[in-house]
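Novice: With chain Y's structure known, arrange chain H on it following the hints.
Here is how the chains run, residue by residue.
Number of protein chains: 2
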Amino acid sequence: MLDRGESLTLLAGVSVGQVVFTHRALPDVLPVNFRLDGDAVVIRVATGSALARVAEGAVLAFHADRIDEAARTGWSVTVVGRVAEVTDPAERRRIAELPLRSWVGDGRDHFIRIATDRVTGCVLA
Amino acid sequence: MLDRGESLTLLAGVSVGQVVFTHRALPDVLPVNFRLDGDAVVIRVATGSALARVAEGAVLAFHADRIDEAARTGWSVTVVGRVAEVTDPAERRRIAELPLRSWVGDGRDHFIRIATDRVTGCVLA
Numbered sequence: 191m192l193d194r195g196e197s198l199t200l201l202a203g204v205s206v207g208q209v210v211f212t213h214r215a216l217p218d219v220l221p222v223n224f225r226l227d228g229d230a231v232v233i234r235v236a237t238g239s240a241l242a243r244v245a246e247g248a249v250l251a252f253h254a255d256r257i258d259e260a261a262r263t264g265w266s267v268t269v270v271g272r273v274a275e276v277t278d279p280a281e282r283r284r285i286a287e288l289p290l291r292s293w294v295g296d297g298r299d300h301f302i303r304i305a306t307d308r309v310t311g312c313v314l315a
Numbered sequence: 191m192l193d194r195g196e197s198l199t200l201l202a203g204v205s206v207g208q209v210v211f212t213h214r215a216l217p218d219v220l221p222v223n224f225r226l227d228g229d230a231v232v233i234r235v236a237t238g239s240a241l242a243r244v245a246e247g248a249v250l251a252f253h254a255d256r257i258d259e260a261a262r263t264g265w266s267v268t269v270v271g272r273v274a275e276v277t278d279p280a281e282r283r284r285i286a287e288l289p290l291r292s293w294v295g296d297g298r299d300h301f302i303r304i305a306t307d308r309v310t311g312c313v314l315a
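Here the protein sequences come in this chain order: Y and H.
So the first sequence is numbered by my numbering: it starts at 191 and just counts up by one.
So the second sequence is numbered by my numbering: it starts at 191 and just counts up by one.
Keep in mind that the hints were calculated from the coordinates and are not lab data.
Please note: incorrect hints may appear among the correct ones.
Unchecked claim - Ranges of calculated distance between the beta carbons of each label pair, as one might list FRET restraints:
| hint | chain 1 | residue 1 | chain 2 | residue 2 | range |
| --- | --- | --- | --- | --- | --- |
| 1 | Y | R243 | H | T263 | 19 to 29 angstroms |
| 2 | Y | G203 | H | D299 | 31 to 41 angstroms |
| 3 | Y | R282 | H | G247 | 21 to 31 angstroms |
| 4 | Y | A236 | H | A260 | 19 to 29 angstroms |
| 5 | H | T212 | Y | G238 | 39 to 49 angstroms |
Source: prediction; values computed, not measured.
The C-beta atom is built at its ideal place from N, Cα and C for all residues, glycine as well.
Extracted from the complex, chain Y is given alone in its bound form (with noise of 0.2 angstroms):
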């Protein structure tokens, strides 16, 4: 097991990882570009999508792992927390400037803060 900051410091090293929602009743996972902004998983989201409709306050699962198949190694972490739009001015134009690439389309325009309110992570071996 990894303590809550090994497991931060880990998310703080890649970009890409999953979140987990319900969407029509149903579980569904989607990858995110993702960032570690502080203590919290900021991801840009379209107008639209399933994403955007989460409810403020509602509690979503975010996952990054990174593997390396042929050496059995790897490591996995998973964040649950409380879900806000980032609707301040100032902290959008701040958190526009964040190496937050949107590689799944155009017009993505919200930025969604999950809090880390629980963090469990462990060293794959």
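Specialist: Only chain H this time, still in chain Y's reference frame:
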């Protein structure tokens, strides 16, 4: 969007995905080795692990993706389906011969089949 056949073909070409399940009343995500066996996802889990305790008949989400961040392309497939442990001895022997490595430790003697009741996939471009 990808149709069911296209999504299953993509799953057949990779061997690491993520399972989404509920652990202590909170969502959790774990990377797993898997194989597509017919039209079901088969994973191998350790006795005593949280995944092995997922109730028979529960509905799990399973996800795999392949992302080329530099090229800004990739795909993402999510399966939602009922879980059943493989208990038939002949079936267990057959599945034990699949290239389903347990790089996350020894003692993984449960084979879990996740039905592909619902398959959604998309190309990220």
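Novice: It remains to establish, for every hint, whether it holds in the given structure.
Specialist: Tested hints:
Hint check: Y/R243 to H/T263, Cβ distance near 25 angstroms, so the stated range 19 to 29 angstroms holds. Checked against the hint of 31 to 41 angstroms, the pair Y/G203 and H/D299 passes, with Cβ atoms roughly 34 angstroms apart. For Y/R282 and H/G247, the hinted distance range of 21 to 31 angstroms is not satisfied, since their beta carbons lie about 45 angstroms from each other. One distance hint, 19 to 29 angstroms for the beta-carbon pair Y/A236 and H/A260, holds here, with the actual separation near 21 angstroms.
About 29 angstroms separates the C-beta atoms of H/T212 and Y/G238, a value inconsistent with the hinted range of 39 to 49 angstroms.
In this structure, the earlier hints numbered 3 and 5 are contradicted, and the remaining ones agree with it.
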